[in-house]
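What follows is each chain in one-letter form.
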Amino acid sequence: MPVRIVNLKVNGVDQAFMAKPETTLLLALREQLGLTGAKRGCAQGACGSCTVLLDGAPVVSCLVPAATVDGSAVATVEGLADGQELSDVQQAFIDGFATQCGFCTPGMIMSAEALLARNPDPTADEVNEAISGNVCRCTGYAPIVSAILDAARRRRDRAGQEATR
Amino acid sequence: MTLLYGRGFASVNYPTGMNLGGDPSQALIHATTMGGFVISLSSVDLGQGLKTVVAQCAAETLGMPMEQIIVDTADTDTGPHCMGTFASRGTHRVGNAVIMAAREAREVMLQVAADELEVDAGDLETDGSGYVRLKGSPAKQIHISDIALAAHFKQGKSISGRGMFLKERSYPVPETGEMDPDSCQAHACTVADVEVDDETGVVTVLRLHNTYEIGRALNPAMATQQVEGGAWMGVSHAIFESTEPYYPASRAHGPVDFSEYLMPGSGEIPEQTSVILERPSSNGPFGAKGIGEMTANAPIPAIANAIFDACGVRLTTMPFTPESVLRGLDALRDGA
Amino acid sequence: MARIDSEYFRDERSSDFTVIGTAVQRSDVLGHVTGRTEFMEDRTFPNLAHLKIHRSAHHHALITDVDYSEALKVPGVLRVITYKDVPENWYGVLRLIGIGPDDEPVLAEDRVLYKGEPIVAVVADSEAAALEGASKVKVTYTELPAVLDVEEAMLPETPVIKRAGTNYFVYEGHHARRIRFGDVEAGFAEADHIFEYRYSSAPIEHAPTETTGCIVVPQPGGRLLIHSNTQAAFFTLDNTALTLKRPFTDLQVKGGTVGGGFGGKVDVMVEPLACIAATMTNRPVKFVYTREEEMQVSSPRAAERIYIKDGVMNDGRIVARKIMLYVDAGAYARHSPYGATKAAAHLPGPYTIPNVYADCHCVYTNRTPSSAMRGFGVTIADFAIESQMDQVARALHIDPLEFRLRNAYRDGDVKAHRKVASGTALIEVIQSTAALVGHELPEEYRAMSSSTPRGAGA
Amino acid sequence: MLTEVHVPDDVSAAVRLLAGGATAIGGGTCVLPWLNDYASPPTELVSLRRAGLSGIRLHGDTVEIGAATTLAQVEHDDRLEDLNAVVRSIASTPVRNLATVGGNLFARQPHGDLAVALVALDARVTLVDETGSRELPVEELTNGAGLVTTVTFELPRPGTFRYVKAARRRYNSASLVTVAATVTEEEGTVTGARIALGGVGPRVIRAHAVEAALVGQELTADTVRAAGEAGRGEIEPADDAYASAWYRTRVFPVHLRRALLGH
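If you read the sequences in order, they're chains E, U, G and V.
To convert a position in the first sequence, counted from 1, into my numbering, add 17.
To convert a position in the second sequence, counted from 1, into my numbering, add 3.
To convert a position in the third sequence, counted from 1, into my numbering, add 21.
To convert a position in the fourth sequence, counted from 1, into my numbering, add 378.
Since the hints were derived computationally from the structure, they do not count as laboratory data.
Treat the hints with care, since some could be wrong.
Unchecked claim - With the C-beta cut set under 8 angstroms, the calculated list includes, among others, these residues of chain U facing chain G:
id, residue
1, CYS85
2, TYR264
3, PHE289
As the list claims (entries may be wrong) - Under the rule of at most 20 angstroms between Cα atoms (straight-line distance), these lysine to aspartate or glutamate pairs were calculated in the EDC-like manner:
id, chain 1, residue 1, chain 2, residue 2
4, G, LYS440, U, GLU181
5, U, LYS143, U, GLU119
6, G, LYS440, U, GLU171
7, G, LYS159, G, GLU130
8, G, LYS157, G, GLU130
9, G, LYS330, G, ASP432
10, G, LYS94, G, GLU109
11, G, LYS440, U, GLU178
12, U, LYS160, U, GLU110
13, U, LYS143, U, ASP126
14, E, LYS26, E, GLU95
15, E, LYS37, G, ASP146
16, G, LYS159, G, ASP86
17, U, LYS143, U, GLU110
18, G, LYS157, G, GLU172
19, G, LYS266, G, ASP124
20, G, LYS440, U, ASP183
21, G, LYS330, G, ASP204
22, E, LYS37, V, ASP439
23, E, LYS26, E, GLU48
24, U, LYS157, U, GLU178
25, U, LYS160, U, GLU119
26, E, LYS37, V, GLU382
27, U, LYS138, G, ASP37
Think of the CB as a built atom: it goes at the ideal place given N, C-alpha and C, for glycine as much as any other residue.
Work the whole structure out from these sequences, hints included.
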């Protein structure tokens, strides 16, 4: 069975691993690089638990053959915090009681990060659309949407403070 | 196109725990050298927050701050028996077991402290910040880390406790069904407001107004998570979910993934207003009742009743799909 | 956060707590938002083998031949497991507490009772090889007529699909879990109005975001360590040991962090086979349901069919309620016999009715076996009861909340299962919700109280 | 079983591999779900990710979209306002960042809403195989026709393109009925109509009978209702997990009207 060496920049760090044909980006992250934040909830692209940023764009990593993204940059939930300093989205999820079982949380947070990177001031409905590929079975979504809107506010406030500094 | 609006009501109760073969859970608790308290369980946290709420129960009972509590759970080699996480039993059963274990440990803790302070244990109290102190003379106090050190290195004592909760098995009388099936009952009432599209049969749940009586909200934020997430599941059951969309006529077209298995997305969530009432149960931990399961139940009939209120279609089969609404509307129009 | 209305039950809820009643942050949340929470599948083991299942293609059939020779030829396939490799192939999840019969095989023997029933397990070096191997198993069937309707299953002329001889669970000699309270026929005779309606539901999946699964790791001393996302660690351990016919001390279950359960992870479906595979290969073995298996093969919430007949007086008092309830257990019992009992205990709902008659049937059909799910035995009954309440209230032109309040159970009332009610609060949740939406109730209904005995005051 | 994943750098290499029996993927969002969880015959994949087929070019009013352009690129391209909404009705953001324009042409119904829109826009594809390249209307495209390299169409005149997708959920839900239409009117009378339907058949349906019923008419509730009745004869809906054939047939005229009249 042909095996390739695949190079990725993962959370800013150069990584190389061996990929079999069936090795998806998700399995490579989880099983070869030890980054288990992205979850396998369906392997069908329909639950969003495996969402990571591929060259800045959120993708369902379960549907990406690892060999096809050689040389790309990948961001996962593990790379969001700066040491002990959580990202605004992570902190807003904590403060807003926006997690229950936590299985969807990493994917949900990556979708939220991607939204806020593109749109710093989203409406609630834009948040709804942005997380429509992320299934949560516990919370009923409302606290998640609130947390993402709250994170956007925090980020804008901080940007405002830095601008006036 | 006409959008029709309706309101529906439902009220329910729900049993805590079960009567199946007895309903036990056990807990062990012990202090570490520096006065951390490890709660050993085999109970499972499904995301409802059991690990947090039992730590609260232990902290309250011990009179210690939350930071002192460590929960070690779900290893069958180290944790004592727990029946499992189901039947709205986790908080009630495990909470009770933890309280019992914590009481026993607290007694030892106070005795060790009493020996160190050379006072009577009965005159001691905890202040919730980590100190055990003499009632009326707060200056005479000792920190839990010193108590634990003394227990381990001077007094040769284990600050520990065992807790068990058992709801004994109740055998239903075959002829009449006489039985004792629960420990207590929680309650809920839902008012649902819906919108019905009279051309497509699509039902939109606009608002849910809920009151829940849950005995005691041990953690109001997590209780809110439970009731509002559960109500969402009720909406989902009511208007979307089925593993056999053509039940019972055919088993074909069963959904195989999250695309086909329909649930409301965040674009379909109703506005929820929730109020919590507390009538502490006599046998619950600090009066708490089980609420995990009840929360999905009242929204379903409330939505069915609201659909009738909106458009005159009585739906008696779950889920209430656009097709079932539209067939009902067509029948009304044909009959008119 | 939900508002706590402390006006209700003021005298009963006096408290002096420090930690209880405060919004302490979840202890697991930091792990959740950083991706560090360790779920079952987040553990990786060298030399891990994978298990996949070949499943029944038919609802009901005799198995005439199983040929797995092609599966063994697939590169990477290590072992094929059939029922002959399962030490105690017949089980029932409730046998620990003496509830039988052990009516379900771990792997099918001479017949299958539902589409998707496991027949052969294939263990391989990779998931892909295990899938390939499972697909290469050839099963030859003789199809039998399938029974797919609960009421049809109960008819004497319907073929019996179960070894035990009936298409329903037998409750101490009865075809249903019974509730008999008062004299329901006398109640109907006395009533001013009779209302009878039918309700039903389709099966529902728990749909947790994390599928059911386990990883079994042979330990240096010969024990098996089971990393599982079970909802009940000892329940899983004890049942697995019984199936393996191994000492209970041979097994250790670790879990406790679960990506959603909702009742779907209490059936002990994956651990026994993974243990057998780990023992045969002496390698760590992972058996995790695919999403399709989770959606279509794992137990759903049972479909139910419920008939409710009410006798009601002109003033809105319900004087008799008769309920015929049918739980579609699917092909095997699992927790359904208990679910029907739980349903019976819930009847006639949170109302005090002097004459109650119920038969709660646990019926077998050739469908995916159903089992516990959030609100087990109650959720669908509540749909039926509360729809019934609405229909009756409308027919009698009584306000829907007043109709419920008039019949609401209170402390001291005797329930249909003859337990005296205490700690009730139905009246108050209705009053509170009415206030929440501005639904006006007359003074006599606002003055009602759960702790005031029926007939006294109000 | 997946036996190899090729990532060729140019179209000719891709074509050679496909001629050898390999399967092309754009984003892989249709093929990978199957390969991940189900046994399959030995399969070699050819990913078009690096084959130089990505990009959106406008020459005057002529739009040329490379087959490997993602749906997300279309979604965020201001020049393609009519298609922005079409694309947003398909799947979810993390899928649209993978799924491609070319791939969507082959998506199984009730998916493939972009293909519905492209048929209504009279789009053409360029196909390449070892014998050379040729053009084909999207409407006539079938599996195995060759490698799609580009999709070309004329930008519709402002206000002439209509699109409605009815689904069980607002976002990320397969089609019950998709209506895409390019309708030109002069002095209140329909002079041309090109209407495509999704969700109501095993493939994208070009609604000839609906078109015929509308041309020469004013767009009114009555004429659109008549067109919908005419269209019932050319749709072939099926039962699936989302809705029954009965339901799709029943509400098809409603959504046709909502697409054409806006209410």
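Hint check:
1. CYS85: Holds, because the Cβ-Cβ distance from U:CYS85 to chain G comes to roughly 7 angstroms (cut-off 8 angstroms).
2. TYR264: 6 angstroms, holds
3. PHE289: Holds, because the Cβ-Cβ distance from U:PHE289 to chain G comes to roughly 5 angstroms (cut-off 8 angstroms).
4. G:LYS440 to U:GLU181: Holds, at about 8 angstroms.
5. U:LYS143 to U:GLU119: Distance of about 11 angstroms is within 20 angstroms: holds.
6. G:LYS440 to U:GLU171: With a Cα-Cα distance of about 15 angstroms, the restraint between G:LYS440 and U:GLU171 holds, given a limit of 20 angstroms.
7. G:LYS159 to G:GLU130: 14 angstroms, holds
8. G:LYS157 to G:GLU130: The hint holds at about 19 angstroms.
9. G:LYS330 to G:ASP432: 26 angstroms, violated
10. G:LYS94 to G:GLU109: 28 angstroms, violated
11. G:LYS440 to U:GLU178: Within the cut-off at roughly 16 angstroms; holds.
12. U:LYS160 to U:GLU110: Holds, at roughly 12 angstroms.
13. U:LYS143 to U:ASP126: Roughly 11 angstroms separates the two Cα atoms, so the pair holds.
14. E:LYS26 to E:GLU95: 13 angstroms, holds
15. E:LYS37 to G:ASP146: Holds: E:LYS37 and G:ASP146 sit about 13 angstroms apart, inside 20 angstroms.
16. G:LYS159 to G:ASP86: 8 angstroms, holds
17. U:LYS143 to U:GLU110: 19 angstroms, holds
18. G:LYS157 to G:GLU172: 38 angstroms, violated
19. G:LYS266 to G:ASP124: 17 angstroms, holds
20. G:LYS440 to U:ASP183: Since the Cα atoms of G:LYS440 and U:ASP183 sit roughly 6 angstroms apart, the hinted pair holds (cutoff 20 angstroms).
21. G:LYS330 to G:ASP204: 14 angstroms, holds
22. E:LYS37 to V:ASP439: 45 angstroms, violated
23. E:LYS26 to E:GLU48: 16 angstroms, holds
24. U:LYS157 to U:GLU178: With Cα atoms ~62 angstroms apart, U:LYS157 and U:GLU178 exceed 20 angstroms; violated.
25. U:LYS160 to U:GLU119: Holds, because 13 angstroms separates the two Cα atoms, which is no more than 20 angstroms.
26. E:LYS37 to V:GLU382: Roughly 8 angstroms between the alpha carbons, so the hint for E:LYS37 and V:GLU382 holds.
27. U:LYS138 to G:ASP37: Measuring from Cα to Cα gives roughly 17 angstroms; hence the hint holds.
In this structure, the hints that do not hold are numbers 9, 10, 18, 22 and 24, in rising order.
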